[in-house]
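There are 2 protein chains.
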Amino acid sequence: VTSFDMIELIERKRDGGALGDAELHWIIAEYTAERIPDYQMAALLMAVFLKGFNERELAAWTDAMLHSGEILSFPDVTARKVDKHSTGGVGDKVSIALAPMVAACGVAVPMISGRGLGHTGGTLDKLESIPGFRVQLGPDEFEDILTDHGMVLAGQSHAIAPADRLIYALRDATGTVPSIPLIASSIMSKKLAEGIDALVLDVKVGSGAFMKHEAAARRLAETMIRIGKSRDTTVVALLTDMNQPLGREVGNANEIAESIEVLRGGGPADLVEVTMALAAEMLLLGGVASDRSEAKAKLRDAIDSGTAAERFRDVVRSHGGDPGVVADPGLLAAPDHVHEVVAPATGYVTRCDALDIGAAGVRLGAGRARKEDPVDPAVGITLLAKYGDQVEEGDPLARVGYNDPDRLERALPLLERAWEIGDEAPQRRPLIIGEVR
Amino acid sequence: VTSFDMIELIERKRDGGALGDAELHWIIAEYTAERIPDYQMAALLMAVFLKGFNERELAAWTDAMLHSGEILSFPDVTARKVDKHSTGGVGDKVSIALAPMVAACGVAVPMISGRGLGHTGGTLDKLESIPGFRVQLGPDEFEDILTDHGMVLAGQSHAIAPADRLIYALRDATGTVPSIPLIASSIMSKKLAEGIDALVLDVKVGSGAFMKHEAAARRLAETMIRIGKSRDTTVVALLTDMNQPLGREVGNANEIAESIEVLRGGGPADLVEVTMALAAEMLLLGGVASDRSEAKAKLRDAIDSGTAAERFRDVVRSHGGDPGVVADPGLLAAPDHVHEVVAPATGYVTRCDALDIGAAGVRLGAGRARKEDPVDPAVGITLLAKYGDQVEEGDPLARVGYNDPDRLERALPLLERAWEIGDEAPQRRPLIIGEVR
Numbered sequence: 001v002t003s004f005d006m007i008e009l010i011e012r013k014r015d016g017g018a019l020g021d022a023e024l025h026w027i028i029a030e031y032t033a034e035r036i037p038d039y040q041m042a043a044l045l046m047a048v049f050l051k052g053f054n055e056r057e058l059a060a061w062t063d064a065m066l067h068s069g070e071i072l073s074f075p076d077v078t079a080r081k082v083d084k085h086s087t088g089g090v091g092d093k094v095s096i097a098l099a100p101m102v103a104a105c106g107v108a109v110p111m112i113s114g115r116g117l118g119h120t121g122g123t124l125d126k127l128e129s130i131p132g133f134r135v136q137l138g139p140d141e142f143e144d145i146l147t148d149h150g151m152v153l154a155g156q157s158h159a160i161a162p163a164d165r166l167i168y169a170l171r172d173a174t175g176t177v178p179s180i181p182l183i184a185s186s187i188m189s190k191k192l193a194e195g196i197d198a199l200v201l202d203v204k205v206g207s208g209a210f211m212k213h214e215a216a217a218r219r220l221a222e223t224m225i226r227i228g229k230s231r232d233t234t235v236v237a238l239l240t241d242m243n244q245p246l247g248r249e250v251g252n253a254n255e256i257a258e259s260i261e262v263l264r265g266g267g268p269a270d271l272v273e274v275t276m277a278l279a280a281e282m283l284l285l286g287g288v289a290s291d292r293s294e295a296k297a298k299l300r301d302a303i304d305s306g307t308a309a310e311r312f313r314d315v316v317r318s319h320g321g322d323p324g325v326v327a328d329p330g331l332l333a334a335p336d337h338v339h340e341v342v343a344p345a346t347g348y349v350t351r352c353d354a355l356d357i358g359a360a361g362v363r364l365g366a367g368r369a370r371k372e373d374p375v376d377p378a379v380g381i382t383l384l385a386k387y388g389d390q391v392e393e394g395d396p397l398a399r400v401g402y403n404d405p406d407r408l409e410r411a412l413p414l415l416e417r418a419w420e421i422g423d424e425a426p427q428r429r430p431l432i433i434g435e436v437r
Numbered sequence: 438v439t440s441f442d443m444i445e446l447i448e449r450k451r452d453g454g455a456l457g458d459a460e461l462h463w464i465i466a467e468y469t470a471e472r473i474p475d476y477q478m479a480a481l482l483m484a485v486f487l488k489g490f491n492e493r494e495l496a497a498w499t500d501a502m503l504h505s506g507e508i509l510s511f512p513d514v515t516a517r518k519v520d521k522h523s524t525g526g527v528g529d530k531v532s533i534a535l536a537p538m539v540a541a542c543g544v545a546v547p548m549i550s551g552r553g554l555g556h557t558g559g560t561l562d563k564l565e566s567i568p569g570f571r572v573q574l575g576p577d578e579f580e581d582i583l584t585d586h587g588m589v590l591a592g593q594s595h596a597i598a599p600a601d602r603l604i605y606a607l608r609d610a611t612g613t614v615p616s617i618p619l620i621a622s623s624i625m626s627k628k629l630a631e632g633i634d635a636l637v638l639d640v641k642v643g644s645g646a647f648m649k650h651e652a653a654a655r656r657l658a659e660t661m662i663r664i665g666k667s668r669d670t671t672v673v674a675l676l677t678d679m680n681q682p683l684g685r686e687v688g689n690a691n692e693i694a695e696s697i698e699v700l701r702g703g704g705p706a707d708l709v710e711v712t713m714a715l716a717a718e719m720l721l722l723g724g725v726a727s728d729r730s731e732a733k734a735k736l737r738d739a740i741d742s743g744t745a746a747e748r749f750r751d752v753v754r755s756h757g758g759d760p761g762v763v764a765d766p767g768l769l770a771a772p773d774h775v776h777e778v779v780a781p782a783t784g785y786v787t788r789c790d791a792l793d794i795g796a797a798g799v800r801l802g803a804g805r806a807r808k809e810d811p812v813d814p815a816v817g818i819t820l821l822a823k824y825g826d827q828v829e830e831g832d833p834l835a836r837v838g839y840n841d842p843d844r845l846e847r848a849l850p851l852l853e854r855a856w857e858i859g860d861e862a863p864q865r866r867p868l869i870i871g872e873v874r
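For the protein sequence lines, the chains are A and B, in the order given.
Sequence positions in the first sequence follow the working numbering and run 1 to 437.
Sequence positions in the second sequence follow the working numbering and run 438 to 874.
There could be a bad hint or two in this list.
[To be verified] For lysine-lysine, the following DSS-like pairs were computed, each having C-alpha atoms within a straight-line distance of at most 27 angstroms:
#1 A:Lys51 - B:Lys488
#2 B:Lys488 - B:Lys666
#3 A:Lys51 - B:Lys649
#4 A:Lys51 - A:Lys229
No lab work stands behind these hints: they were computed from the structure.
This is chain A alone, in the form it adopts within the complex (with noise of 0.2 angstroms):
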């Protein structure tokens, strides 16, 4: 195996020069094996950060770490597999949904999620909000689970992308998390590392999202298709608003009922159109569907029959969950006290902030502020007037779950700052901002 200076190699791009595929794949590996030490790799994630991967190096540093762990792949598995990602929202409990929908239209979806940082919900949280419900699956069961029922809903195996655990960690310690290139090829190594055929990308734009402008997320966007293209996987990217929460209810629990309305037929428009629109995507990519609106019309088959719901409870049971909460939802964990905010004047909601309402969550507990932290399952934040509603003085705009009196206090200040009242009714704004592909 050649070797490489390491020092050379941070030098170089720091002077905005490039890296060759096979420095590239030294560093990782490399690195994964601890042969170079945290203070080198932080100076070269410094010097990506400022100076950027060209195109080819940014494809060989994701080849890199997806080949630095186990790759996926489901022999017995006939159907197209397909996965959807989401940059991460408030409020963002599309895969729950999603999933059983499109499994049910007979595409199979291998979907690894993650668990909430900061304002931003996990998929992971919220399913374990299901009494019993085990996320954390050894291969054999991932692998039987998505053979039975054409999905699967698991949180990340050690053994996937080992580089970019590393990596990740040490980026996060660095200042060097909000670079492009390294958020594409690190969701990207994740990914790819699933054994898909597709991926569908949500890319959240706007207040609650990593991304605030739309220019930057289509960027994103671009850049993860073009990693997708480097390993022949097929990646299609919506820009999705999130200037405020997705759907009605922002929390774990509450989310997951609100995932089984969707899965029956009801939800908010909001959250049926965001979900509709990515489950399209994914027949179309699947091979079921030769349109968009074959493509919605099984979708609204699988919902109308009950046999995405069903689907669902199916997934639940060989999760270790009680599937009955699919019928009834009540059995979820339920806050033991609800608090109103209010509408402080007359007029029209301008303002229903995703970043004031995502934090509030977290203060509440519905969320982790760091890594460590515990999440309540059972609080959260319905909310009762969104952008464009109309409200009178001392309508509710919201229903706050809570457990701790305490919590409840750190988070009204950011409840309450989070709506504006405007005399005028606001424009209304797209949902589905955008696609790239």
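Given chain A, work out where chain B should sit, using these hints.
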């Protein structure tokens, strides 16, 4: 003591923002106390490398490094204390004759020098070629020699600027060495800790120098002058040529012999010119001459009267060295063998490259590739033809003194390419390129 969030500080510098004085002092103190990990410091240093420091940040960073250790003061030394610092070159033995010349004129010179690394030589290595000469002095010994002789030539004590030593080692391992603010603050934190009233800088420019071009050398000089101002220490810089070695000797014992020649009124014209120019600035800053011609007259008198050579002899004795070398440089170590490099053609020397000759010296054993390598005091190169000299084919260009034939073998390819012979006399180049004050 206020505490800061290191990640937030890294992010601010990464995004081009400025750090506050208290923040910079906190970083240096916490890093020196090993409470900030190397990987966070490495990320910050790369961000500083790429985004820079403004004038205020640079002053605070230097001040914090300066205060990380002991700051010398010499209440018993009534003369003004002026030091000279060179950014490093090949054949740069200026300090050795300069310090006794200046001290003999009544200005105190508390000189702390370094060792050679890479193609540049180090004053300490040269001094150690004097039998018995000790460069590592205790604080009392340092003060005693300075008080008794008005000069001292020592290595850096570990008590001085420990933060700089730690940060320099990390920069060396993370590709963050060649940054003007980081170089300037590193040099100045050590020099300001010597308790000096003023400093003369010799900023070398050319192939054998750290700064290859005048513009960068000028920026470095300006940066150090600004740092000096922030601590009420006058700094004057001369930019001097380092495209070819200074003087005729490159090595250790042979450079001491050449320095003694200067002290006795001889020595090559270029070495004498640079030594006189720097020494004259020191006399002006030391308040013992009112203009340059008076300064130079005093310096010439110190040489002609023998007081400069006498001063050096006394200092050598105080450092434990054999004072007899001043009268008889034949007492210094000599190489076992000599090889001649000859002119391949008749014409004019159009290149006598400092970098190649310095690197050849390292291969011979006169310098070190790595910090832990030993130095052979006896080996070296004597230049017989320099830039602009007329030579005939077969004339000797250099005499190479060596002890190990394998090392000579490795040095020769560099020496053979170091000279270029052209048909026409090249244009004269100024030795003193400019001054910054």
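- [ ] Find the hints from earlier in the document that the structure breaks and name them by number, from lowest to highest.
- [x] none
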